[in-house]
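Asker: Which chain is which? The protein sequence lines are A and B, in order.
Take the first sequence: its position 293, counting from 1, is numbered 293 in UniProt numbering, and each next residue is one higher.
Take the second sequence: its position 100, counting from 1, is numbered 100 in UniProt numbering, and each next residue is one higher.
Derived by calculation from the structure, the hints in this document are not laboratory data.
Here the structure is a predicted model, which is why all the values come from computation and not from measurement.
Certain hints may be false.
[What the hints assert, rightly or not] Computed list of lysine-lysine pairs in DSBU-like fashion (alpha-carbon distance at most 30 Å, straight line):
no., chain 1, residue 1, chain 2, residue 2
1, B, K56, A, K191
2, B, K40, A, K143
3, B, K56, B, K40
4, A, K258, B, K56
5, A, K258, A, K143
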Amino acid sequence: MPLLNDAMPLMKEPRPPPQLPLPWVLPSLFAAFNVVLLVVFSALFFAFPCRWLAQNGEWVFPIVTGPLFVLTFFSLVSLNFSDPGILHQGSAEQGPMMVHVVWVNHRAFRLQWCPKCCFHRPPRTYHCPWCNVCVEDFDHHCKWVNNCIGHRNFRFFMLLVLSLCLYLSALLVTCLIFLVRTTHLPFSTDKVIAVTVAVPAAGFLVPLFLLLLIQAMSVSAAERSCEGKRRYLHGYNPFDQGCASNWYLTICAPLGPKYMAEAVQLQRVVGSDWVPMPSLHSPTCPFAFEPPAPPSGSVQAREGPPREWR
Amino acid sequence: MDSQREDLSLPGVWVSLYFGFLGLCSVVTGGCILFLHWRKNLRREERAQQWVEVMKVATFTYSPLLYWINKRRHYGMNAAINTGPPPAVTKSETEVQNPDPRWELDIPEGRSYAVQDGSPKAEAPVPLQPARQLPLQQPQASSPLPIPIFQEAPLPLSLCNLPPMLNHSVSYPLATSSERNVNFHSLPTLAHGDHRFNAKPFASEL
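Just chain B, with the same shape it has in the complex (with noise of 0.2 Å):
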């Protein structure tokens, strides 16, 4: 029984052929790999530049908070949105309500100014409906402008060193970040090209 459990292994020459053929395999997935990473960075910024164009043609108001809460109706959520200036009103309440507001609030929905979802009160789920209209109260003409309202939220926690900030986003590029020699593979030709925006590429990609 031993000596056949021995004659179980491989000879050496197979060894040698498997180990070669595994570093070629493992070559070969490793650049499938980096490939594929760099075809989804570069997928990126061109959807994030193809995405600029559709909302500077779009025939509709569309809003990532909308998207948002809509979404959070499908979960079950009771989630309404606020829009308006910074009244100090507000301001003073949450200071008083929240010792540190730099992320949430606690305040009272039956505090709030301008509350405008029909029912946030209300303890049962609300339907699955889209959002509705969400009306905005217009700044107040005599109040200063550059009144800064809130702090921005630190960064989320990372592992390591953060990589060099751009000036611009993957979400957002600017129109000017070919100027800056940003780092932007498809914007040289779709800012400055005559490039003509066809969304059916684009919306098939989705």
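So that you can see chain A by itself, here it is in the shape it has in the complex (with noise of 0.2 Å):
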């Protein structure tokens, strides 16, 4: 009985021992270490072989070089602290008795109740372990910026790995440009930094435009990386909707209000008082411990008209 095993640890586990004070800071740490990384290479790379170059007339390369240090630090940052598409509990959740099923073009998905956030996961949902969160059109957890990467970042999961591409090429190619310019002239400081900054460059550089390739091909058969091709039957994926559609849901499609702020949205259209009523359902998550009560009324989705998405 899978579902009473699920269900089991958090009837019988005895009291867990205590967490770790901080267990965020370790992921953390290696998420801002490695924009600590990009910043202080990228300083080098100025300050030095890109500076020499300025120096000689050869302004193309600050040029081109900086506007990408600025569009791949953004995307960097961004990707760290955006909300990646998280999802909680309603106010109608039934319990793991239930059975959910989701038609999406023609095809039928069994819903899988999540024990951690106490509902049913919508297809593509996973629970992350890292974040502890079930994330809507979850990707995967990137441990270089500790964030997930799901539904709503990951256009900017896209920008990043495409900007950083870009950037190492050019930084690439300016400290090579530089090195070939100089060789004539004695060791110096100068030009142990394009070495330095070279060598990670290019590294970082293959498996970056494996990335981006997998990514790409991802993004036009619609997939995820958390999912593989076996799962879908018949290989049919009922999320594919042409290439073009795919990119355009992936990148350019509005992601429409946020879970959370459309309901505060909703329970300022339905109604303004806040005073709190009697509970609906208790705070835990009574489901892994009782059998499911049966079900009190009808899911009913918002009757007024969709917010604006943006």
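Join these two chains into a complex; the hints should help.
Answerer: Okay, here's the thing in structure tokens:
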């Protein structure tokens, strides 16, 4: 009985040992280290080989690499703190015994119960064990930025990979040109810095291009990194709407209101008074301990017009 | 020309000063990123607790499934939901249709026992309307309750070892979490104090 096995840890497991005081520190430290790495290597590049080329009239190098650095830094920082699309339990969850089947383009998905978040996960929604949240359209957890990559920040992830590829390529080419043009000059600090910057840039470039290629193929086929093709029966992916539409939906389509923001908006529309009502359900997860109560009513969607999409 | 290029190198004093300044900037940048990560985690926990309060006092019915379906309809997908207790017919049917029914079912919509969408077979994109009312089937009184319905989907692939799993979620913090000494910084005051939920700050943050 796999379902009961999932629920057992919540019932009989002894009290967990005290958690580490700051479990977020190490992953966040690694993410901060990556940002610092980008800043340091860029500062070395702009202060030595790029400055040397600019002083010799080669202004095209700082003009090209400067905006690429700004774009890369912006996308990296944005991805660190962007919302991946966190979903929470709603107000009318019936418990793990209920069967929810969602149809998407003539294909049915039997929804899975998340024992942590206590709700049925929509298709392609997974619980990230690192962030401890359920993420809509979960792609993967990126340890480089210590954040989940999901529905709302996947375009930032693609922007980061693309800008990193372009920036590292420009940086590598610039350093090589600098080294070629200074071969007749004696060994100097500029050369040391150029080699120091070019070697890691070349090392990161190959896997980044490979990652960009894989992600581009995944977007074209409307697949996610955490899924495999074997999950789709008969090779039919119901989320695949064609290559062009897949790219549009992934990169350009409006994301719509956030899950929580929409609920707040609905509350404003339905009733502006926030007088606490009797609890609809316990804030604990009762379905992990007790048999499910019979459904008390119907699940009803919003009745008003959808909020303006951004 | 060569002598001019040699003169373009920075003096040693400036190089030392530059490296010192760069080290200082690195420490400041790393500290800022670390602080923002700590703030991000803190705000997630606070918002999760506030979300529980929102759902407790909500005067409307809200479901992540309907939020998900509404969004997919905006994207031109034909999405619908079917909710009910575990019927034996459906289980056997799905097992016949799909030998590995852990995630996706291969049920033609014509065989669905209670598809609630108005036009599930329509090939044209569904108009951009919010999902309508979804009737639920009452569970059979004679059927035993603890029937395993499905298996939990395996966790998504991870690049490395998984962190220790907590008995609660940031998405749905337990009220007993403070008794278990879990590391929710915001829960002790919110769960046990005389906290009166105020929606305005929450709404303004969103």
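Asker: The structure should be examined with respect to each hint, and the outcome stated for every one.
Answerer: Consistency of the hints with the structure:
1. B/K56 <-> A/K191: Distance ~64 Å between B/K56 and A/K191 Cα, so the pair is violated.
2. B/K40 <-> A/K143: 15 Å, holds
3. B/K56 <-> B/K40: Between B/K56 and B/K40 the Cα gap is close to 24 Å, so the pair holds against 30 Å.
4. A/K258 <-> B/K56: 19 Å, holds
5. A/K258 <-> A/K143: Distance ~24 Å between A/K258 and A/K143 Cα, so the pair holds.
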